[in-house]
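A.B. asks: Residue numbers 3 to 233, in this note's numbering, belong to the letters of the sequence shown in order.
Wrong hints could be hidden among the right ones.
Result set (DSBU-like, lysine-lysine): computed pairs, CA atoms no more than 30 Å apart in a straight line [said to hold, decoys possible]:
1. Lys186 <-> Lys66
2. Lys150 <-> Lys44
3. Lys160 <-> Lys141
4. Lys178 <-> Lys74
5. Lys51 <-> Lys186
Hints were generated in silico from the structure; no laboratory data involved.
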Amino acid sequence: MLKLLLDSILDFIFIYECEICHRHLEDKKTIICLDCLHKIEKVEPIDMKQSFELKFGNHGYITKAFSCFHFKEEGIVQMLIHELKYQNKRTIGILLGEIVGNAIKHDVDFTSADALLPVPLHKIRLRERGYNQSELIAKGISKVTGVKVINDMLIRKKNTQTQTKLNFEQRLENVKDAFVLNEKYKDFVVGKRFAIVDDVITTGSTLNECAKELIRSGASQVLALSVAVAS
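Put together the whole structure using the sequences plus the hints.
C.D. replies: Rendered as structure tokens:
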């Protein structure tokens, strides 16, 4: 009864709106209405295969990748991720992670991973933002799949500039050797399989650098998960 009363009070105080069109949401656990959700272009298997070859095929560090949606400039996914990263709307990260989790919950390659590893922020940026959006997404995936999240296995040792306005070559150089394995996991990592989690895969350079460090440290396989992938 107390929970029902509390929920009623919260529903009265807060108006739950779609993050995109601001239509009233009956289900407060959602972030966008069904109409807006259906407008997001999903990544088909053939598209994912082509993206994988383009972004990861020449490196050999990542053996499989999955993204739910195509990332479009001025699109719905970009708007949601902007709200997540810069407007302190942390719930969006969890719920986007749950969407990814539901999409891969029957894929044994991902659900049998030893851990989900969010792409780490540098300590300066983490202090400024207060949270890591990739960790929130990973927690949402974990909630659905049961795969645990380890948020400190990889350390970002370089305070790299944002990748947003960099070209392909600049992105590669920006994150080169930016990550290092946390020493306390040097024995645990050996022979294990990990899925790295990020919000958007653009060139794949950040995920490749993370995977390179894990493979160098003895991991047997590295996979990649993201909410969206850019063309």
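A.B. asks: Each hint: holds or not?
C.D. replies: Here is what the structure says about each hint:
1. Lys186 <-> Lys66: holds (27 Å)
2. Lys150 <-> Lys44: holds (26 Å)
3. Lys160 <-> Lys141: holds (25 Å)
4. Lys178 <-> Lys74: holds (26 Å)
5. Lys51 <-> Lys186: Given pair Lys51, Lys186 is violated - Cα atoms ~35 Å apart, limit 30 Å.
Violated hint for the displayed structure: number 5, the only one.
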